[in-house]
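Q: For reference, the chains in residue letters:
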Amino acid sequence: MNTRPSPRRPLGSAFLLGALATLLPACGDRDAVWGAAPAPVIAHGLDGSAAFVDVGAERVLLTPVEPDLTLAPVSVPVRRGYATSEATRDGSALLVLARGDVPRQKADDEKPGLTMIAGGTTPHLLRTYDISDPLSGLAIDPEGHFAVIYPSAADSSFVANPNELAVVDLATPPGPGNPVSLTLRSFGGRPESLVFTPTLVLPGGARRLLVVLTDRDVGLIDLADPASGDVTVRLSTTGSRVTPVQIAVSDGDPTRSDDARLAIRLAGDPSVILVDLLASTASDSAHDFKPTPNVVLASGPPSDVAFVNTDGGLRLAALVPSKQSLSLIDPATGVSKDVALDAPYEHLSLVTGIVGGPASGADVALLWSASSPFISFVALGSTAGKPYKSVERLQLEQPVARVIDVPAPNDRLKILAAADGRAFFVLDLIARTASPIVSSAFGIDFTVSADGQRSWLLAPGGSDLAALSLSSLHPQNFSLGSPLQAAFEVGRRGGGRALLAVHSDGDLGVTVLDGEHPSLETAVEYQGLLLGSLR
Amino acid sequence: MSAHTLLGAAALAAMITAPLVAHADAGVTAGVAPTRDIAAPAKASPAWRAPEINLAFGLRTMVMPSAGLDPFSTNDSVAQLSLAAGPTLLRRGAVSIAALAEWDYGDKEGTARTDVTSLTMHRLGIGLETRLQLARRLMIFARLSPAAVNLRGSITDAGIPRPLVARTWTWALDATAGLGVMIANTGPREAPTSRFWFTGELGYGFAGEATMTYAPDSDAADPRKYGSIMLPALRPSGALGRLAMVVAF
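Chains W and H supply the protein sequences, listed in that same order.
Adding 4 to a residue's 1-based position in the first sequence gives its number in the working numbering.
Adding 226 to a residue's 1-based position in the second sequence gives its number in the working numbering.
Since the hints were made in silico from the structure, they are not lab data.
Glycine is no exception: its CB is placed at the ideal position from the N, C-alpha and C atoms.
Any given hint might turn out to be false.
Listed below are several chain H residues computed to face chain W (Cβ distance under 8 Å; list not exhaustive) [stated by the list, open to error]: (1) 293; (2) 299; (3) 301; (4) 338; (5) 339; (6) 381; (7) 383; (8) 385; (9) 451; (10) 452; (11) 453; (12) 455; (13) 456; (14) 458.
Model the full structure from these sequences, guided by the hints.
A: See the structure below:
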């Protein structure tokens with residue numbers, strides 16, 4: 005073999021070697037999302053998909069379901085600094101609040117923002133609203149028209165104004181007047197909770213109000229003109245602090261504009277503040293209504309209040325568990341009459357529209373308790389000197405911790421969850437029956453389908469899932485392969501329903517079942533969803 | 227058709243015409259006697275003679291700026307073992323044309339959101355290489371090699387029983403040029419029986435985008451139906467280089 009070196013060394017060889025050497029090292033860094041562990045997802049059920057907030061990837065992964073039960077994942081980017089997220093009550097949209105880059109130091113650092121994502125079977129980004137400050141509190145109007153952003157306990161800026169709110173009109177795109185920032189007039193308090201009223205016929209016309217409960221007073225904001233600021237209802241002028249904990253609302257006679265009113269329940273106090281929303285007479289007022297508070301007394305500290313119709317007219321019903329009574333207070337006169345009950349009921353809900361009230365128009369109330377195994381139906385009216393027509397009682401095996409409404413056509417049913425999370429009862433409001441359903445596991449979580457046909461039950465952390473037909477009360481049990489975190493029933497593309505059972509292990513797993521005819525034979529299982537649909 | 231595909235087709239057309247031009251040039255210079263420094267062309271012989279066989283062994287590296295590589299690597303570089311073999315089809319003066327069957331193999335291992343990932347790439351190609359011998363120990367060459375690329379991605383998560391796997395094929399086309407230095411030979415200097423070359427080349431690899439769809443690997447004992455997840459599509463394309471040892475005999 006002739007191994008004599010060449011007398012001429014080509015210069016090109018050195019060039020080639022150098023050039024090749026440049027190919028070996030990294031020429032570009034990958035997206036940082038691949039290098040970080042995914043944070044636990046925040047899951048939401050929407051109308052046409054499940055939504056998973058993937059904080060590490062600054063996105064929401066939405067999973068609409070095809071007719072064959074396969075998923076068609078869609079990734080929607082959201083801003084950095086996730087704060088909170090919430091779906092609208094009807095599942096038509098998901099709102100994601102982000103603080104942006106804090107502190108913002110560069111021109112391209114992201115601002116705080118509220119991202120609105122359509123939640124149907126073709127989910128997509130609707131719009132993003134810029135927010136002036138990195139706040140973390142989010143309240144969504146039950147009717148889905150407004151959102152309010154407010155400071156929460158998680159916000160820890162060096163200097164913060166706890167009474168600063170941003171009101172977002174979700175029906176209109178972002179612009180100079182949307183969102184509207186305002187600062188509540190404060191007498192030392194800060195917002196604790198927010199309540200959106202239904203439409204009220206007020207002296208200036210029909211509009212909705214945002215009621216802000218602070219730890220000592222109540223602010224009213226006209227949602228038709230939030231920039232005009234709030235009207236503060238001071239609950240105490242004597243220096244003693246009372247804390248509002250609940251609001252009840254009545255529009256009164258819809259043909260009148262001077263009889264809308266609020267009731268404010270106070271913590272641990274038999275007093276209830278009735279606020280009449282009358283026409284404002286002050287020429288310099290920014291509002292055309294004026295809240296006029298009056299104090300009425302229940303027989304003891306109420307646990308729940310609601311405006312009810314009796315054959316004697318509108319009354320404020322206040323449940324007083326310590327007295328085992330229901331106080332019916334005439335808002336016009338403040339006169340109270342008590343209905344004696346046989347258990348310390350703590351909660352009431354009106355079921356008149358379902359069970360049908362008497363011809364007089366009086367309401368029927370369902371009473372329930374977390375400390376007593378009884379429930380009662382109270383037909384409000386008056387017979388022979390009594391302020392009610394009848395009280396019908398049912399005894400359950402356990403007290404009720406939670407009541408879940410069932411949509412039509414099975415809206416005559418309510419699901420009563422026992423405190424141990426193991427047993428629950430399907431209450432038929434018309435037949436007045438309470439059918440027990442028992443699980444072998446504790447801490448059962450359940451959802452009711454939007455079509456009112458079934459309920460899905462699961463024990464978070466377990467792998468068992470059950471579909472309960474609300475027509476026949478027949479349970480159908482499934483054992484899935486891995487632990488469950490949640491379940492959402494959604495509409496399918498092309499019609500039909502699908503159940504998305506979310507698994508907590510791995511990088512997000514989902515088992516998709518036919519919602520109307522669930523079967524493991526047709527189910528489709530997904531694993532590692534958080535790795536998919538990334539940029 | 228994407229711009230990327232058009233570019234690849236243009237390069238293919240250009241490279242196909244290159245050997246023809248070289249062939250014509252060789253014809254024109256056929257009567258010129260080779261100098262001492264240029265390897266003597268094979269003598270015309272009425273008897274059949276086996277063509278020269280080329281065997282190459284080397285390292286192929288590519289800068290692959292595809293998002294599809296991100297789940298498997300913290301950078302864009304991919305190194306592959308590169309093997310090639312084939313005959314010299316034609317020799318006219320200083321110009322020769324060789325065909326090469328190529329196999330490049332490489333894998334990457336990494337993590338994607340803390341899951342262990344791996345990517346295996348096989349590239350199976352047929353190359354046509356045109357060489358111009360500038361001196362006895364120095365040649366330059368250009369190569370065009372269409373190929374099929376097999377990609378196999380795998381994701382292993384402690385929380386799921388079986389790895390998620392993606393298998394797919396795509397097309398590729400390497401267009402490279404480089405130079406070779408003969409470092410040794412056997413046999414007579416004028417007509418060596420074998421020659422050993424060290425080659426280096428640079429170029430660009432065009433390729434189609436491969437959809438990376440992952441699902442659990444099949445298991446006959448598991449009757450469940452699995453859906454697939456889509457990771458970023460992988461296009462095994464980019465600037466490339468190859469260093470190889472070639473023996474021709």
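Q: So which of the earlier hints does this model not fit?
A: none
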